[in-house]
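Participant: One letter stands for each residue in the lines below.
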Amino acid sequence: MDGNLNALTTVFTEFYYWVTVVFMFLIHVGFCMYEVGASRHRNHMHTLMKNIMIIPLVTVTFFFFGWWIYWSFPNFPFFGGLNHDAGAANLPWSENMGTNLSDRITGVFWAAFLLFSWTAASIVSGAVIERIRSSALWVHAVMIGSVFWIIDAAWGWHAEGWMVKYLGYHDAYASGVIHAIAGGYALGVIMVLGPRLGKFAADGTPRDIPPHNPWMLTIGIFLIYSGFWGFYAACNIPAISPEGIGGLLTGETWTATNIYLAPTSLSAITFNFLMSLSGGLMAAYVVSKGDAFWTFSGGLAGIITASAGNDLYHPIQAMLVGAVGVVIVYKLHYWVERTFKIDDAVGAVAVHGYSGIVGLIIAGFLLWGAPSSPYEGYATVNPVGQTIGAVIMFFVLGFLPAFVISKMQAAAGVLRIPLEVELQGLDYAEHHAYEDAKAEIIAADKAALNGGGVPAE
Amino acid sequence: MSTIGYDSWAVDLAEVGAVYPFQGSEGLMVVLGVAFWIGWHRIQFVREGAHLDKAKEMGDKEKISALLEKY
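From first to last, the protein sequence lines stand for chains L and G.
The first sequence runs contiguously to residue 457 in the numbering used here.
The second sequence runs contiguously to residue 1071 in the numbering used here.
FYI, nobody ran anything at the bench for these hints, they're computed from the structure.
Note that beta-carbon positions come from the ideal geometry of N, C-alpha and C, so glycine has one too.
Check the hints yourself; a few may be wrong.
Stated by the list, open to error - Ranges of calculated distance between the beta carbons of each label pair, as one might list FRET restraints:
#, chain 1, residue 1, chain 2, residue 2, range
1, G, Val1031, L, Ala412, 51 to 61 Å
2, L, Leu48, G, Ile1064, 22 to 32 Å
3, L, Ala444, G, Lys1063, 37 to 47 Å
4, L, Asn6, G, Val1016, 22 to 32 Å
Using the sequences and the accompanying hints, generate a full structural model.
Facilitator: This is how it looks when you write it as structure tokens:
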């Protein structure tokens, strides 16, 4: 760190990303609470553990190879080979991937991306509750968290990514690179997995399976909102000079940038985060006729729909984009459920997947002609590039691999839990020791109460 | 041609102000935004009124009594 200004900027940037990571941890806490609240009593512990174990599994695999993919794949395989130089610095045996006083940024930047990975995997986890085998989900978690989303990040969320260069792909706060892909991935899994028992009546009419604890869902989604602030901040570079960017920018004015190193500000995204949240909540309340959970999810869907362009939108545009997106997403969710008998237990495909697609396409129109990058020779933002980008995110890197892997798991008999276990509940089947111990101590206490035994000490 | 007024970032940021799309249409955006907000209140009043009219006819003494007990 040569010079005081450089040292200050480096330490500020290091601390900035570290804070975003702590905030983003709340997203995972929120997802866990939401899933447990949505599941029935007999599946609680299983549901919780299924999501909790995403944390270590995605973390270690993201350390081993996920981070390397981000740096190596921006043009691979269609527009060039692997970027070995950039990749080498981010391999698990590189000196940069450890305590290193000449590199204070890699660890926190890696962690910020890792928390995005947890989010992607956790989105899938919610859609499949109460009937998937944990072992199957954890393979999917690694695939979406440490392989497929980070490939899309290299292509469409890296300053040198081919989608940015040639399509003018613009997705500042991850409508596509996190949400569309995770929603598409969830859809691929649940199409093979099938619905929960009783979800559809004999004539195909969908039944509502209400959450066992609405308050847990409520707190869960508010924690996700809170964590989303960190998510947004983590998508920015907090302070950088035109010289540091090294692109077309002139002058000496420092700026915050989006992930493509194009100028924006923390103030801009604060305006737009809150206005798109509000547009989403208001539209969802109306379209769902006051349904609490759709209203909460609508707030999230509003942010996600506006996220692709929230570095540049006007706040009123962000609000209206969020509102329009939510109406489309809500209608689409029920149409897909009725038509294809899809059981998306927490609305993950809709809230993340459809919102992501809609948001990318809208951004193509609203930001038409805007520069996608500060570097020369890049395509500008356009509706065709954004639509192709949405297809790549949702179908090519999301739905398709999930569908194929799920088919393989189903063929091997390791995707879905047995019918008997689904009926009696995963907690009894897999945590029977806990249940037995509980039953025994309750029986002992009752016997003592009735004077028929020795009280437990 | 760019909706944000810039089709390249070959600029000195010291000379750049607003970069949102459709600058100059702020008045129209406010009109649209306010219409959305006012429209939302209108829909809410109408719906809630209809809901409450329907709800007051749905009462079943036994069920209401049970609810009162439930607190």
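Participant: For every hint, state whether the structure bears it out.
Facilitator: Structure-based check of each hint:
| no. | hint | verdict |
| --- | --- | --- |
| 1 | Val1031/G / Ala412/L: 51 to 61 Å | 59 Å, holds |
| 2 | Leu48/L / Ile1064/G: 22 to 32 Å | 37 Å, violated |
| 3 | Ala444/L / Lys1063/G: 37 to 47 Å | 39 Å, holds |
| 4 | Asn6/L / Val1016/G: 22 to 32 Å | 25 Å, holds |
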